[in-house]
Amino acid sequence: MRVSMRVNGRRVTAEDVWEGESLLFVLRERLGLPGSKNACEQGECGSCTVYLDDSPVCACLVAAGQAGGRDVVTVEGLAGAAGLDAVQQAFMDAGAVQCGFCTPGLIVQAHYLLRETVDAGGPVPDDGEIREVLAGNLCRCTGYEKILDAVRLAAARKAAAAAAAAGQAEPGQAEVGR
Amino acid sequence: MDFLRPATLQQALEAKAERPAAVPIAGGTDVMVEINFDTRRPDALLDLNQVAELAEIGSDGGLLRVGACVSYARIIGELGRELPGLALASRTVGSPQIRNRGTVGGNLGAASPAGDAHPVLLACDALVEAASVRGTRLIPAAGFYQGPKRSVLAPDELITAFRIGPAMGPQQFAKIGTRNAMVIAVCSFALSLWPQGRPAGTGGTIGTGIGSAGPVPLRATDAEEFLAAELASAGLWESGVALPSTVTHTFGELVAGAARPIDDVRGTAAYRRHALSVLARRTLGWTWDSYRKGARQCA
Ligand SMILES: Cc1cc2nc3c(=O)[nH]c(=O)nc-3n(C[C@H](O)[C@H](O)[C@H](O)COP(=O)(O)OP(=O)(O)OC[C@H]3O[C@@H](n4cnc5c(N)ncnc54)[C@H](O)[C@@H]3O)c2cc1C
Ligand code: FES
Ligand code: FES
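For the protein sequence lines, the chains are A and B, in the order given. Residue numbers are given in my numbering: position 97 of the first sequence equals residue 97, and the series is strictly consecutive. Going from the second sequence to my numbering is simple: count from 1 and add 1000.
Just so you know, these hints were derived from the structure itself, not from any lab.
Here are the computed distance ranges between Cβ atoms for each label pair:
1) B:Gly1135 with A:Ala163: 54 to 64 angstroms
2) A:Arg115 with B:Glu1014: 34 to 44 angstroms
3) A:Ala163 with B:Ala1154: 57 to 67 angstroms
Note that beta-carbon positions come from the ideal geometry of N, C-alpha and C, so glycine has one too.
Input sequences plus hints: build the corresponding full structure.
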């Protein structure tokens, strides 16, 4: 069958998709997006995590046909024109990458956490929240401490940037108030 | 293999009537594992994700009606106040990614005795709504399960929703596993207190559900009746005093006695019985404490 969807903002169509095929297979093998990794194919490891219509899911457990007409964002879609996403940069700076197999899934899931917290004007997530949200992402090289460091670093950088932006905006707002 | 993608409930029911062997797929968190590992090769998949009716949350005559395709994440986010027991159980399912996709409809469809929604559905007297082109019927949760991975659902039926009374008192869910995230229950237990009774005004009752300790999810009816009688005869609902330890102890023993566990890779039957008595005592302690706090606040 043929499956059309939006991936990383682009409309794409995959041909000759087998009806039982996963979204992960289509992304990697038919659409040339090997960022999402295939490790367990049973939802246990999170290395295939992608956004499906704004919610992070295991792409290995979504039937490709179910993604038809929907919006998918993979790790390849996170970097913008300005360069790497803050989470990607923090993973490099904190040394959170060993073999790197778990990294794309962790980055998408951490990106989601920050989108829901700091980016939404909320406080920096605490360690409990970070652990909770990453509970479905396994790192076989077990560098979890550095991974937590990376997420804390990205959160702190984003919070600092938001505070700086607010600081600049405030005088303007005060003027309007007056 | 065919991939069927109905856009409405009517189309979905017609497709299921025409192709009873078609396998419904909601979140896919059970179905896709089986397909990826080649343990299931259906001749058709019936995608339920396009059917808006199945993702609705509403109410019907005092009961909440929760669509079969409502995800665990939505239950936690949108129904935590009305369905605290189900929200607690939902929080223990898999990981955030699994909770974003997995559904109670899929839990019921899979009918695994280890499914985490089942004990709560039992403890809350939930009704499973099943529909086909022949019509719609309501099946009490206690009558839904037939054996490991078997239910009374007919081949042409789909689960469309479950109906459940909003909590009228404290509820708890507890589960034993090897770690905090991503574990199938070794055993689990759900408890609900209904201080006004069901329906309200008929005298306080208790609801229970046991998971992963029998061929089907079970109710501990003797334990429920024992506790309700103790609370009534000693006027404990009114006085709100601490429960005598003999009562919590006996309650735990009766829950353990209601289980029909087996030895398997996740645990022995003896361990499961013991763990259930502990979970029953603990959840009773927690719910009773919050009932007493609530009662004091009202006074
Ligand atoms: C990594 C991982 C961890 C998990 N952890 C847990 C856990 O902690 N606790 C737990 O209980 N489960 C767990 N599960 C199992 C699974 O997530 C749950 O059973 C979930 O509720 C299934 O819902 P779904 O929508 O994904 O079902 P699907 O996979 O889409 O379907 C499951 C079954 O139900 C049928 N079905 C689905 N919807 C309907 C319908 N509306 N009408 C009729 N039949 C239907 C399907 O045909 C299939 O047989 C886990 C799974 C994975 C992969
Ligand atoms: S490959 Fe999807 S969760 Fe492991
Ligand atoms: S870095 Fe190797 S699996 Fe995580």
